[in-house]
Structure formats: C-alpha cells, structure tokens
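Chemist: Listed here are the chains, written in short residue letters.
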Amino acid sequence: MLPLPPGGLLHLLLLAAIAALAGGLAAVERKGAFQFMVSRPLVLAPVLGWLLGDARGGLLLGVPLELLFLGGVNLGGSLPDNESLLAGALTAMVVPAGMAAGTGVDAPLAAIGLALLFPLAMFGRRLERASEYRNGQLMESAVVRAAHGDPLAARVNLRGLLLPFGAAAGICALAVMVSPLLAYLRAGSGEGALWALEGSWHAVWAIAAACSIRAIRDHRAPAIAAISAAGAIAAALIVGVFS
Amino acid sequence: MSIPAAAVAQGARRVSNGGLARVFLRSLFLQAAWNPRGMQNVGFADAIGPALAELYPDPGDRARAVARHLEFFNCHPYMAAAIVGGAVRLEERVASGELPAQSVSSFKTALGPPFAALGDGFFWLALRPTAALAAAVTEPFIGLGCVLVFLGLYNSVHLAARVWLFAVGYLRGEGVVDAIARAHFASSTPLLKACGAVLAGALAARSVLAAGLPDRPFHALLVASTIVGAAALLPRVGVTRAVYAALLVGLALGARFF
Amino acid sequence: MKSPSVALVRVDNRLVHGQVLEAWLPALDAQGILVADDEAAANVLARSAMALAIPPGVKFEVLRVKAAAEALKPGGKGPPASRTLVLLREVRDAEALHDAGVAIPQLNLGNVHFGVSRRQVAPSVFLDKDELAALERLAAQGTRVELRAVPTESPLALPDIKARFADV
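Residue numbers (the numbering used here), protein chains in the order written: chain A, 1 to 243; chain B, 1001 to 1258; chain C, 2001 to 2168.
No lab work stands behind these hints: they were computed from the structure.
Predicted model, so just to flag it, every value in this text is computed and none were measured.
Relax, there's no trap hidden among the hints.
Derived pair list, reagent style SDA-like, types lysine to any residue, alpha-carbon separation capped at 25 angstroms:
(1) 2162/C - 1036/B
(2) 2162/C - 2103/C
(3) 2002/C - 219/A
(4) 2059/C - 1184/B
(5) 2059/C - 1182/B
(6) 2129/C - 133/A
(7) 2162/C - 1037/B
(8) 2059/C - 1179/B
(9) 2066/C - 1106/B
(10) 2059/C - 1183/B
(11) 2059/C - 220/A
(12) 2059/C - 1188/B
(13) 2059/C - 2075/C
(14) 2059/C - 1190/B
(15) 2059/C - 1187/B
(16) 2059/C - 1191/B
(17) 2129/C - 2103/C
(18) 2129/C - 136/A
(19) 2162/C - 126/A
(20) 2162/C - 78/A
(21) 2002/C - 218/A
(22) 2077/C - 2056/C
(23) 2129/C - 2141/C
(24) 2077/C - 2058/C
(25) 2059/C - 2004/C
(26) 2162/C - 130/A
(27) 2066/C - 2092/C
(28) 2073/C - 2025/C
(29) 2059/C - 2071/C
(30) 2059/C - 1178/B
(31) 2059/C - 1109/B
(32) 2059/C - 1181/B
(33) 2002/C - 217/A
(34) 2129/C - 1072/B
(35) 2002/C - 220/A
(36) 2162/C - 136/A
(37) 2073/C - 2139/C
(38) 2059/C - 219/A
(39) 2066/C - 1109/B
Based on the provided sequences and hints, a complete structural model is requested.
Modeler: See the structure below:
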C-alpha cells in the first residue's frame, strides 16, 4: 500500500484539484495575463506549498529553482524554458509526498523530485510553442471576423489563455497523483541513499548559485560577484574570529 | 480608410476616463493570444477596443479600425502600455479627421521594437534578477517574508512604471519618446545589474560559508570550486545538463559535499 | 582602438529590439550598430526611439540602404565602429548591399514576418520564393547563410531552410 497524505485518497484528490487550479492560473499569469511575477518559482512554490499544507516546504524548492532559471528570458519570439510549469509540478509532487512520508519536504525528496521532473521545463517550452500555433488560428479567425464587419473580432484574445491553463492544470494534478510513489521511494530509502541524495541537493544549490551569477548579463558581472563574495566571506570570517 | 463624415462634423473626439481605464486593464492581457504571425496583434486590438467603441459609433467603422490594429505588433509587455496609450491619443485625432489612419500604424511600428529592447534590458534582465536575488539573500533571515521582498521590490517599480507609461503615452502621443528618454530606463539598467552582481556574489558566499563552517575548509573549497567551474561552463553546457551532472556528482560524494 | 569592421549582417524586420541588444551585441562583442533601412532613415520618431535603446558606448548609425552600401564597400568610409552589427529589414536589402560590392561573409536571418506569399520556415522567419532564390544566389557567391533568432539557438543552414520551405 502506497503512503497517502493524512486524509487518505480523498485528501489526495482535493490536493490534486488545488494544484491544478494554482498551476493553471500560474501558467496564464506567466505570459498571457498580468505578469506580476506570481508565477515565478520563488512565489509559486511557497504559495502552492501553503495551499497544499506546507509553505516552508514550497519555499525550500522555490528558491533554488528561481536561481536556476534566473537568466531565462523571453526575447521576442525566442522562448526560455518553462520554469513555472516545473515549479508547479515539483511542488505538487514533493509537498504531498513529504506529508505522506511523514518527513516533510527535505533535501532527499527534493533531489529525487527534481531529477524526475526537470525535463518538464523543456517540455513546457514545447507546449508554449504548440499553444502559439493554436493562437495563430485564433488570430486568423479574428482577422476574418473583422473583415466581415464584426467590431468585437479581437475579443477572441482571452481564449488564448485556455490551452496553457488546461495543460499546466493537468500536469500539476498528475504530479499530485504520483506523489505517493515518491513518498514510497523516500520512506524506503536507507541511510546511505539519504546521505547521497542530500549531497545531490547541495550540489544543485551550487549550480543555482553559479546560474545566478550568469543571469546578470553584463561583462563586469563575474568580477563584481567575485569581489562581493570574497568580501562577504572575509567579513564573516573576521566576525567569526572576534566573536 | 476614409475619415467618417460624422467625425469631421463633430470636431475633436475624446475617449472618456472610464474608457481609458478599460483600455489599460485590457492591456494587461496583451500576450494572451501571442502568435508567430502577428505576435501581440490580437492583444493590442482587444486592448484598444473600448477606445475604438467610443470613437467610432458606427459598427462598420469600428470593425475597420479593429482590423487595422490586427496588423503585426510586438513590444515588451510593460513598455507596450506607452504605445497603447499613444495609439489611443492618435486614434482620437484620426477619428476627429486631423490625421490619416496610417499614422497610428507607423507610430506602432516605429516604437514597438526599440521600446521592447528597453523593457527587455530593464525589467527582464536587470530588475527581475536583482529583486529575486535580494529575496534569495534575505531568505535565511526572514524565511517566507522573502517572497514579499521579491514581489514588493519588483511590483512597486513595475506597476508604477506601467501606469505611468500608459498615462504619458496617452497625454504626450508622439512626445512619449522624449518623456521616456528622461526616465532613465537605459541608464539605470547597468546600475541595477551591478546591484544584482553584488547580490549574486553574496549568495555564492553564503553557500560556501554554509558548507565550510565550522572548520571544514575542504567542504568550503569544494563548493567554491563547483560554483566557479559551473559559472565558467554554464554557457556551453546549459542548465539542464549542469543540473543532472550536479545531481550525479552529489550522489557520488554524498553528504561530504556540504 | 581596433579598426572598423563588420561582425555580422542580420536581416530583422524589427531592426533594433531586445534580441539584438541583449543577445547579439554581447555575443559578438560588437562596438557599433549600423541600421541600413530607407524607411527608418526617413522616420525621425523611429530614429530617436532606436537611439534611446542603444546602450552607452555603442556607436549607432542609421543610413539609407544605398548610403550604407557606399559606406561599406571597399574604399568607402567604413562601418561606424570595430565589430559593427549591420541590421537590414528585408532579404532584398542584403542582396542590394552585395550587388553594390559589399562583402557579406555571413548573413543571419533573425526575424522575417509573415506576408501573403511567404511560408513559415522557423518560428520567427517567413520567406517567399524570391527571397529564397536571393539567399541561394548569395550563398553561391560565398555568403554563409544561417537562421537563428538569438545566438544560443543552434543555427539552421540554407539547405535546411530550403527543406523546410519545400515541406510547408
């Protein structure tokens, strides 16, 4: 029997519905509407974590994810990887798994989850291309309707939000539904495996720090970051020595 | 397109404040139907719809105006607010018979790409990473509060800029270029990026210190060299491969890594 | 100061925008931008808006295609800076430069928007058969033609572009 969240299967289904709604709305907010950055991993992961029952667990996932995708940018028609879909699905899978396993979100769970779901970032980019082609059909229908004298032709605009919403909602719900499997893996991991997975998560953090330096696209950035890091370490050591 | 006779007879036409507010709200959905052929065209035509409804009472005239706005358009989604506002002002003059309809189109084409460049540089590549790094650096001290640091820093600038851009676009029309030149978007970008680089360095230092204290210089060195090595290799290997490599190396080294 | 040179010629309907300034300038280490376009050269608003977006320290010039050809051909006054990025709106402008005697070792197709007789060969590039023929003529005379919006994408070479054109 796979481990389930405290409330059993009904609880799991409820969490899936919540994750679907939040993940879907984030997909819409990411590009099609508002762009208040609510769909960034730094915000989406803790907010969805809170909705599912563990805000801090969500934050533990959200910060390094944010840093990994800090440099991703949508320039014209060139699309970045979809950090929001990954953050939504990862939170939707790892937070319920942590609750079911009784461990909460910890480094080993986060590392397995990330290894399993990371390709979603690239998949999300393909999905975005697909929905752009669907939007192309909406655009053609708007042009035809305007040519036939329909003053409301451009109102098809909002229909472009449906596909991103539906796709992300489905993926996030699915992530909740497979979370018991992750909980099972976590519960069955021995001391050695946990110890190794802990190392994996910390290595990901090091990559995240490197990505954040790279995200500042300026030729002076690496030098400024190096000076700042050296200064911070020196300050910490001096304070450490005299305290 | 011919100028509607009624417009000439009525003199200057204006869009109401309510109409302007609706145009602004709809401009928040500029990219809802982003598509390869027209890019933000549907969103633009939809956003300016409430203004066109007031300026062209005849449904046929209005549909022709909507059709004009379904031409190709692309810009940065925030900076576009200035162009949406400016286009409303120009449409008022078109409806009043002062300008040919073509002038709206050339205004959009001339300003879209350069404003996009300004917005990409300032919002996407300077403000967003810097605000997110400020949150990541403060996270060990304030926990979940760091989410509010990010949203507060980012949106206080973003929302103020978006409203200001729309207003200045509408009030100044083609003069919007001079107004934006004085707003120092381009010159504050390098400063913000420098702040971002300082924060990124502090974040790296935090990882190194967390690994190295207390008295574990080997761990600190390992993390430091991983960060430096990854930063050097990232442009070539990409994030995905770097993450999987890190997961594997971490797995092999285990908790020795921190 | 290195001598003025051309780093890359790019066809981009949007001329100066984010991909150009944020992705290509640093990748090429370009010190200048030359926009060769009749429409932009004649439009004060377009010129001042472009100038607004150019980062400090980057030399910037807007010329009509003919004037740009005069400047860039051997014996002309040359590009504005070392490693200049030359931006053109249409494929036909590249051929006009070439026919006027300007050497184009590498031609990048960035953004060519949809038009009635154009077919889509990449997410941001639509071409008609005359444009494809012009590209083939340039390639036959030694120009390396590649298609990509930003430098981090893998470039599509002319044979692939032709294959995609035939597929549509």
